[in-house]
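Listed below, chain by chain, are the residues.
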Amino acid sequence: GAGVSQSPRYKVAKRGQDVALRCDPISGHVSLFWYQQALGQGPEFLTYFQNEAQLDKSGLPSDRFFAERPEGSVSTLKIQRTQQEDSAVYLCASSLAPGPIYEQYFGPGTRLTVT
Amino acid sequence: DTKTTQPTSMDCAEGRAANLPCNHSTISGNEYVYWYRQIHSQGPQYIIHGLKNNETNEMASLIITEDRKSSTLILPHATLRDTAVYYCIVRAPFQGGKLIFGQGTELSVKP
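Chains as they are written, first to last, in my numbering: chain A, 2 to 116; chain B, 892 to 1002.
Honestly, I wouldn't trust all of these hints.
[What the hints assert, rightly or not] The following residues of chain A were derived to be distant from chain B, with all beta-carbon distances above 10 Å:
| hint | residue |
| --- | --- |
| 1 | K12 |
| 2 | R16 |
| 3 | R23 |
| 4 | Q42 |
| 5 | E53 |
| 6 | S74 |
| 7 | V75 |
| 8 | K79 |
| 9 | G100 |
| 10 | Q105 |
[Unchecked claim] Only pairs whose alpha carbons sit at most 25 Å apart, straight line, appear in this in silico SDA-like list of lysine to any residue:
| hint | chain 1 | residue 1 | chain 2 | residue 2 |
| --- | --- | --- | --- | --- |
| 11 | B | K943 | B | E905 |
| 12 | A | K58 | B | Y923 |
| 13 | B | K894 | A | L56 |
| 14 | B | K960 | A | E45 |
| 15 | B | K894 | A | L40 |
| 16 | A | K12 | B | S932 |
| 17 | B | K894 | A | P9 |
Keep in mind that the hints were calculated from the coordinates and are not lab data.
Virtual Cβ for every residue (Gly too), placed ideally from N, Cα, C.
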């Protein structure tokens, strides 16, 4: 079946621009996660949704970062007034249900470059 | 907080077993051990997970010590396509179970 998809795959933004990154999780998956991966580092947790509820946003680095999942399926990560330090790969993952027995399936990521 | 320690890099000959160690001495009783790998320019790929017992699937085997303070991921017959960064993760049982990645082990499978 279809996996997690993300769009765009690559995004170049000028400093100060707003960007929106989209994640289409696996159909029927309740849990959705966003991670940020800087070059040469492991992914770092940003935020977590259970259906449409954002239950954990402790990893969002600043108030310029905003995520939503209004209908409990597609999610959008928005970054306002982008800065060079926002350059990274943004990964989305989904899992069937909450809890550690359910593995997370990752999308290919969106590589954001801020110039 | 990263709760695992892994070697930075390892080499393995093609066709041989690759044994990747992980220390997680502060693991709690209800935390799972997860393994993911990431091939260059791709998203992380789930491999296997376990709580107390050893686990095996079509990709790998996971051996967890009796005290649960360490584990080993075994790729029984490594191929060139297994070259990747392998992450050992201790996964919390709450808040949906976010993954906390460390630096991982860069495994190079050589012909």
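Checked hints:
A cut-off of 10 Å between C-beta atoms confirms that K12 (chain A) is not in contact with chain B; the least separation is 15 Å. The Cβ of R16 (chain A) sits about 25 Å from the closest Cβ of chain B, beyond the 10 Å cut-off, so the non-interface label holds. Consistency note on R23 (chain A): stated as away from chain B, and its beta-carbon is indeed over 10 Å from all of that chain's, at 15 Å minimum. For Q42 (chain A), the requirement that its beta carbon stay farther than 10 Å from each beta carbon of chain B is not met, with the minimum near 7 Å.
Distance check for E53 (chain A) against chain B: the nearest CB is about 14 Å away, which clears 10 Å, and the non-interface claim stands. Every Cβ of chain B is farther than 10 Å from the Cβ of S74 (chain A); the closest lies at roughly 16 Å, confirming the non-interface assignment. Distance to chain B confirms V75 (chain A) as a non-interface residue, since its nearest Cβ pair spans about 17 Å, more than 10 Å. No Cβ of chain B approaches the Cβ of K79 (chain A) within 10 Å, the least distance being about 20 Å, so the stated non-interface status holds.
Consistency note on G100 (chain A): stated as away from chain B, yet its beta-carbon is not over 10 Å from all of that chain's, at 6 Å minimum. Listed as outside the interface, Q105 (chain A) is inconsistent with that label: its C-beta sits roughly 6 Å from the nearest C-beta of chain B, within the 10 Å cut-off. Taken as a hint, the K943 (chain B) and E905 (chain B) pair is broken in the structure, with Cα atoms around 30 Å apart against an allowance of 25 Å. Straight-line distance between C-alpha atoms of K58 (chain A) and Y923 (chain B) comes to about 22 Å, which keeps the hinted pair within the 25 Å bound.
Of the supplied pair hints, the one linking K894 (chain B) and L56 (chain A) holds, its CA atoms being roughly 23 Å apart against a limit of 25 Å. Under the criterion of a C-alpha separation no larger than 25 Å, the hint pairing K960 (chain B) with E45 (chain A) is consistent with the structure, at around 23 Å. Distance hint between K894 (chain B) and L40 (chain A) is fulfilled; the C-alpha atoms sit about 21 Å from each other, no more than 25 Å. Distance restraint check for K12 (chain A) and S932 (chain B): the Cα-Cα separation of roughly 15 Å lies within the 25 Å cut-off, and the hinted pair is therefore satisfied.
The hinted pair formed by K894 (chain B) and P9 (chain A) fails the criterion: a straight-line CA distance of about 33 Å is larger than 25 Å.
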